[in-house]
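S.K.: Listed below are the residues making up each chain.
There are 2 protein chains.
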Amino acid sequence: MSKKAGAPRTRNRWGEGERLRGEILAAASRLLSGLDGEDGLTIRGVARAADIAPASIYQHFTDRAALVAGLTDYEFARLHTAMMAARDRVDTGDAAGRVRAMLHASCRFAMDNPGHYRLMTAGGPPRTGQTGPLAEVIDLLVDGFAHCEADGIALRVSARRAAVIAFVGAHGRVVLFQNSAKHADMDSVTSFVDEFLSLVFA
Amino acid sequence: MSKKAGAPRTRNRWGEGERLRGEILAAASRLLSGLDGEDGLTIRGVARAADIAPASIYQHFTDRAALVAGLTDYEFARLHTAMMAARDRVDTGDAAGRVRAMLHASCRFAMDNPGHYRLMTAGGPPRTGQTGPLAEVIDLLVDGFAHCEADGIALRVSARRAAVIAFVGAHGRVVLFQNSAKHADMDSVTSFVDEFLSLVFA
DNA sequence: ACAGTTACCAAACAAGTGTTCGGAGACTTA
DNA sequence: TAAGTCTCCGAACACTTGTTTGGTAACTGT
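If you're matching them up, the sequences are chains X and D in order. For the first sequence, position 54 matches number 54 in the working numbering, and the numbering has no gaps at all. For the second sequence, position 59 matches number 59 in the working numbering, and the numbering has no gaps at all.
Hints are computed from structural coordinates only; laboratory data are not their basis. Glycine included, C-beta positions come from ideal geometry on N, C-alpha and C. It cannot be assumed that every hint is accurate.
Some chain D residues near chain X, calculated using beta-carbon distances under 7 Å [unchecked claim]:
#1 42
#2 43
#3 173
#4 186
DEER-style ranges, computed between Cβ atoms [stated by the list, open to error]:
#5 D:88 <-> X:23: 29 to 37 Å
#6 D:89 <-> X:59: 52 to 60 Å
#7 D:38 <-> X:34: 30 to 38 Å
#8 D:186 <-> X:135: 17 to 25 Å
#9 D:151 <-> X:190: 28 to 36 Å
#10 D:97 <-> X:73: 38 to 46 Å
So, partial list: chain D residues that the calculated Cβ filter (under 7 Å) puts toward chain X [said to hold, decoys possible]:
#11 20
#12 169
#13 172
Please model the entire structure based on the sequences and the hints provided.
M.R.: This is how it looks when you write it as C-alpha cells:
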C-alpha cells in the first residue's frame, strides 16, 4: 500500500506505456467505491491508490477533467458488458426474460457502485446526447424490447420509449432511494423493476 | 457585487440574527445555479455570493456539512411548495389533472435547477429513508393518486407504488438526459410524463 | 559503446480550502 | 453615562488541490 515500503514496484517496460493508463482507471474506480464518494477523486488520491506519482498521471490524461471523462467511459463500458453478460445467460427464446435480466443487472450495478453511478449521470451536455455511452446502453434495451415485439409480445408503447422508461425508472428508483443497506434492498428493487415491466407489457 | 465597492451593506440589527441565515441559504441556492455546479459550493464562495465574511457563516451553521444539509432542506421546501402551488391551480374535481400538474412542476423544477437537484439526491442514508423531505414530496403524490382512486379513476398499481413510479420516472428522465437546451426540452419531458401516466392509469 | 526514446517520479508553485480567534461596531439595559 | 450583549468581520493557521519542471532509470537500435 505504502510507496516507501512494499515491493519496489515493477516499473513499466518500454512499449508498455498504455498499461499504466488502465491501472490508473482501475485505481480511480476502486477509489470511487470508498466512502469518500466523488470528493476523493483527486489526482493525488488516484495516484496514491495506483501507487504512482501524481505527475505520472499527466502522461496519460491531459487534465483532471480528462481523467474523469476517461473514468466515465470506463464505467459505462463496465455497465454495458455486465448487462450483455446477464442477457446472454438467459435463453434466446425468452425475449422478455432477457430484457428483465438486463434491467436487473443494471440495477445491481447501480446499487453496488453508487459513486460510479453518480459520476456517470453527472456528465455534462456533450456526453448524454443522442450518441455516447449512455445511448449505447439504452440501445441494448431497445434491441431487447424489439425482440419482444418480434416474438409477438405486445408493448403498450414503442420499443424505444419502453427502453427509456424502463431504464430511467429502474435507475431513478436506485438513485433516489439508495438507503443504508445495499444488498439487502436488492429484492425490493428487482420487484420494483418487475412491476415496472408489467406496466410496459400490454 | 463587490465587497469593497457597493453600498455599505445594511448590517443586521440586534435581534435579527436569524435573518442572515436565510440570506446565506438564498445566496448558496443562487450559487448552485451557476455553471460551477456543486463544486462551487464552498464556504468562501457562499460568503462571497452573500457579500459577507466567511467567518460569519459559522454563526448560523456549525460546519460546511451543516450548510449543505440546510440547503438541501431549503431546496426540498422549494420543490414542495412549487408542486402544491401547481396542484392548487387545477380544479379540485380533476384529480388526475392535479397529479399531472404536480409531476410537471417537479420536472420543471429539476430542469431549471439541475445543480440543486443533484444536491438533493446526493443526500446520504439518513436523509432518504422512510421519513425526510423526499418522503414528504412523495406523500404529496400518494395523496394525489389516492384522490384519483376515490374519484373512480382506476390505477394499475397501488397509489403509493404509482407515486414512486411516476416521481422516479419523471425525474430519472430529467437527470439522465439533461441535454444542452433546458427550456426547449420541457415539452418532450412533459409528453414523456404524460405517456408515463397513461401507463399507470388503467 | 553510444545516442535516442520511453516511462516514470521528486520537488516545487500558486492557488484555494475549512476553520478559529480576537476583536469592533451597533444596539439594549441600567 | 457605562456595562453588557448581539452580530459580524479581518487575519491568520494548517492543509489540500491541480499542474509544471527538470530530471533519472530502463530499454531500444546502431
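S.K.: All hints, please: hold or fail.
M.R.: Results of checking the hints against the structure:
For residue 42 of chain D, the interface hint is violated, since its Cβ never comes within 7 Å of a Cβ in chain X; the closest pair sits about 12 Å apart. Below 7 Å, beta-carbon pairs count as interface contacts, and residue 43 of chain D has none with chain X, the closest being about 15 Å; its hint is therefore violated. The beta carbon of residue 173 of chain D is positioned within 7 Å of a beta carbon in chain X (closest approach about 5 Å), and the interface hint is therefore held. At its closest, the beta carbon of residue 186 of chain D sits 16 Å from a beta carbon of chain X; the interface hint therefore is violated under the 7 Å criterion.
Judged by the Cβ atoms, the range 29 to 37 Å given for residue 88 of chain D and residue 23 of chain X is violated: they are separated by roughly 57 Å. For the pair residue 89 of chain D and residue 59 of chain X, the supplied restraint of 52 to 60 Å holds, since their beta-carbon distance comes to about 58 Å. The supplied range of 30 to 38 Å is broken by residue 38 of chain D and residue 34 of chain X, whose beta-carbon atoms lie about 19 Å from each other. In this structure the supplied range 17 to 25 Å holds for residue 186 of chain D paired with residue 135 of chain X, their Cβ-Cβ distance being about 21 Å.
Range check, residue 151 of chain D to residue 190 of chain X: Cβ separation about 33 Å, and the 28 to 36 Å hint holds. In this structure the hint that residue 97 of chain D and residue 73 of chain X lie 38 to 46 Å apart at CB holds, the actual value being about 43 Å. With a cut of 7 Å, the hint placing residue 20 of chain D at the interface with chain X is violated, because the nearest CB-to-CB distance is about 27 Å. Interface hint at residue 169 of chain D: satisfied, since its Cβ lies 5 Å from the closest Cβ of chain X, which is below the 7 Å cut-off.
A hinted interface residue such as residue 172 of chain D counts as satisfied when its beta carbon comes closer than 7 Å to some beta carbon of chain X; here the least separation is about 3 Å, so the hint holds.
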